[in-house]
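A.B. asks: Here's the letter readout for the chains.
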Amino acid sequence: MCVKEVILITGRTLKQGSNLENKMSDAYFDAAAQCEMNENLLTRIGASVGDAVKVSTRFGEVVVNAEKDDGLPDGHIFIPMGPWANAIVDPDTGGVGTPAFKGDPANIEKTDEAVLSVKDLIARYREG
Amino acid sequence: MAAETVSNVVCPLCGCLCDDIEVIVEDGKISNVKKACPLGKNKIMGHDRIKAPMIRENGEFKEVSYDDAIEKSAQILAQAKRPLLYGWASLICEAQRKGVELAEEIGALIDTTASVCHGSTVVGVQGRGAPGCTLGEVKNRADLVIYWGCNPQEAHPRHRARYAHSVKGMYRPNGKKDRKVFVIDVRETKTAKVADEFVKIDPGYDYMAFSALRTILAGHADVVPDTVGGVAKEKLVEMVDAMKSCEFGVIFGGMGLTQTRCRYKNLENVISLVDELNAHTKFTLIPMRGHYNVNGSGHTLAWLTGYPFAIDFSRGYAWYNPGETASNDVLLRREVDAMMAIAGDPGAHFPGESLRHMAKIPLIQIDPYANPTTELADIVIPTAVSGVEVDGTAYRMDGVPIRTRKVVETEYLTDEEVLERILTRVRELKGGN
Chain A
1 MCVKEVILIT
11 GRTLKQGSNL
21 ENKMSDAYFD
31 AAAQCEMNEN
41 LLTRIGASVG
51 DAVKVSTRFG
61 EVVVNAEKDD
71 GLPDGHIFIP
81 MGPWANAIVD
91 PDTGGVGTPA
101 FKGDPANIEK
111 TDEAVLSVKD
121 LIARYREG
Chain B
1 MAAETVSNVV
11 CPLCGCLCDD
21 IEVIVEDGKI
31 SNVKKACPLG
41 KNKIMGHDRI
51 KAPMIRENGE
61 FKEVSYDDAI
71 EKSAQILAQA
81 KRPLLYGWAS
91 LICEAQRKGV
101 ELAEEIGALI
111 DTTASVCHGS
121 TVVGVQGRGA
131 PGCTLGEVKN
141 RADLVIYWGC
151 NPQEAHPRHR
161 ARYAHSVKGM
171 YRPNGKKDRK
181 VFVIDVRETK
191 TAKVADEFVK
201 IDPGYDYMAF
211 SALRTILAGH
221 ADVVPDTVGG
231 VAKEKLVEMV
241 DAMKSCEFGV
251 IFGGMGLTQT
261 RCRYKNLENV
271 ISLVDELNAH
281 TKFTLIPMRG
291 HYNVNGSGHT
301 LAWLTGYPFA
311 IDFSRGYAWY
321 NPGETASNDV
331 LLRREVDAMM
341 AIAGDPGAHF
351 PGESLRHMAK
361 IPLIQIDPYA
371 NPTTELADIV
381 IPTAVSGVEV
391 DGTAYRMDGV
401 PIRTRKVVET
411 EYLTDEEVLE
421 RILTRVRELK
431 GGN
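Line by line, the protein sequences give chains A and B. For the first sequence, the residue numbers in our numbering are 1 to 128. For the second sequence, the residue numbers in our numbering are 1 to 433.
Careful, some of the hints might be misleading.
Listed below are the simulated DSSO-like cross-link pairs for lysine-lysine, each with C-alpha atoms no more than 27 Å apart in a straight line [as the list claims (entries may be wrong)]: (1) B/Lys193 <-> B/Lys176; (2) B/Lys244 <-> A/Lys15; (3) B/Lys282 <-> A/Lys15; (4) B/Lys72 <-> B/Lys139; (5) A/Lys68 <-> B/Lys233; (6) B/Lys177 <-> B/Lys35; (7) B/Lys62 <-> A/Lys15; (8) B/Lys282 <-> A/Lys4; (9) B/Lys139 <-> B/Lys190; (10) A/Lys119 <-> B/Lys51; (11) B/Lys190 <-> A/Lys15; (12) B/Lys193 <-> A/Lys15; (13) B/Lys190 <-> A/Lys54; (14) B/Lys29 <-> A/Lys15; (15) B/Lys235 <-> B/Lys282; (16) A/Lys119 <-> B/Lys235; (17) B/Lys200 <-> A/Lys15; (18) B/Lys62 <-> B/Lys360; (19) A/Lys68 <-> B/Lys200; (20) A/Lys119 <-> B/Lys72; (21) B/Lys62 <-> B/Lys51; (22) A/Lys119 <-> A/Lys54; (23) B/Lys72 <-> B/Lys62; (24) B/Lys360 <-> A/Lys119; (25) B/Lys51 <-> B/Lys139; (26) B/Lys430 <-> B/Lys360; (27) B/Lys168 <-> B/Lys282; (28) B/Lys190 <-> B/Lys168; (29) A/Lys68 <-> B/Lys168; (30) B/Lys41 <-> B/Lys244; (31) A/Lys119 <-> B/Lys233.
Here are a few chain A residues that face chain B, going by a calculated C-beta distance under 7 Å [unchecked claim]: (32) Asn38; (33) Glu39; (34) Gly82; (35) Pro83; (36) Pro91; (37) Thr93; (38) Gly103; (39) Pro105; (40) Asn107.
The set of hints was computed from the structure by calculation and includes no laboratory data. Fair warning: this is a prediction, and the values are worked out from it, not measured in the lab. For glycine and all other residues, C-beta sits at the position ideal for the given N, C-alpha and C.
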């Protein structure tokens, strides 16, 4: 099922940071094309770790792999900073130049759609 | 050839600028890195470099000479009406200085990765002051360490061990036993798990929490609600007691303050809290800067233009108004007609809506490695890795300038050389004005 109005946080992880200068690699894909949530939320959307999930906000949608982190409170999801997270964050710069990379309302559901590679994800922007 | 160990190398990854790294060099190539965290080790070890300059033709990259790539870049920048020069974080101050020259010459906007990171901190500091200290003071004196909205276990992995927690200092001879560490975050991060106290706060309530702490500190706990942003009033009172009674306190602020609701206002409020705590004890604040020399970009741009990021030279003089002149401001307004991304990766770290415009305009990328920005770029100019193949100045997160070391030779041009050549050619194209 689709769970609405979760809160999206994005940020650094050790694996994402370890591949900062290696972003076209499989290791970066594995590190950044994922969405962490706690066991309870995984159960609510009917997904297991590694399943594809679609996360949508009013700024777009993105498909990433589900990951478990029980450090996240109920109703919160975390996508590592990077092109997958940034496909859906609020671009509004809040009067200071910085988009809202943390705290955006989002919906999340299990999906059969594929997780896009960096190249395919960025190619979408070339298409307009 | 025998392996050589280069000692005291400065790590060019994050704002910790760890200066105790050992790099093993065999036959002119790096074969191992010791003491660094996984982030730093992977950067110093290096991997698949962009082999040669490239220009995109009919959608496909074609390898070209440095001369051709620099010529084409200079033509684009000289003709642009509203060029944006973005990045400037993962390189040395000497190259940043050259970037300001280029920006002034072509009337460009010049902006750094701070605008998507600690720009809010910089603006908060401009409004309220910088109650900072060095990391050495933290190491030797701090007995209360508060990580607020930051997760050094993943973003600055050696920060606790080198500067703030387990490290033994002159007046903290027992390291961890002599300090108390609080983590305030919206989730139980890896840092929260190793702290003495984890205080969970609801997203976007940091400003209210700082106001509550200041109210309690001023002796008006009676007007504070039972919970503030999900934090119980008793916990806030306990925090104020810990802050007032410590000998030397430090708050390390992260993206949890700068990228959320209230942005720079969060910083103004926490700096006011730190100011008021100094009536009781010694208290300081240090932003957890990300890129190794993003702090240096703020210093370099400020001493050359008067402003630390988001600077607009279109009027012929430096104009600064983040919210109007930062990269995402101008990209979202579809204002920019050419862009250079250097030592920063907007393709990975800007919102999709900004990338849509970047895809439509000529984009020049200067970087050692391919990344999502490369996928949008029209010209790609590979350069030497600053801090590994080029020495120069970088500023640690606490504002201490450190000379990075050159570890190995390279055949790539340096960022500074590429910028100098573009600048020279731009001046020729513009008729020597």
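A.B. asks: So which of the earlier hints does this model not fit?
C.D. replies: Violated: hints 2, 3, 4, 5, 7, 8, 16, 25, 29, 30, 31, 32, 33, 39, 40.
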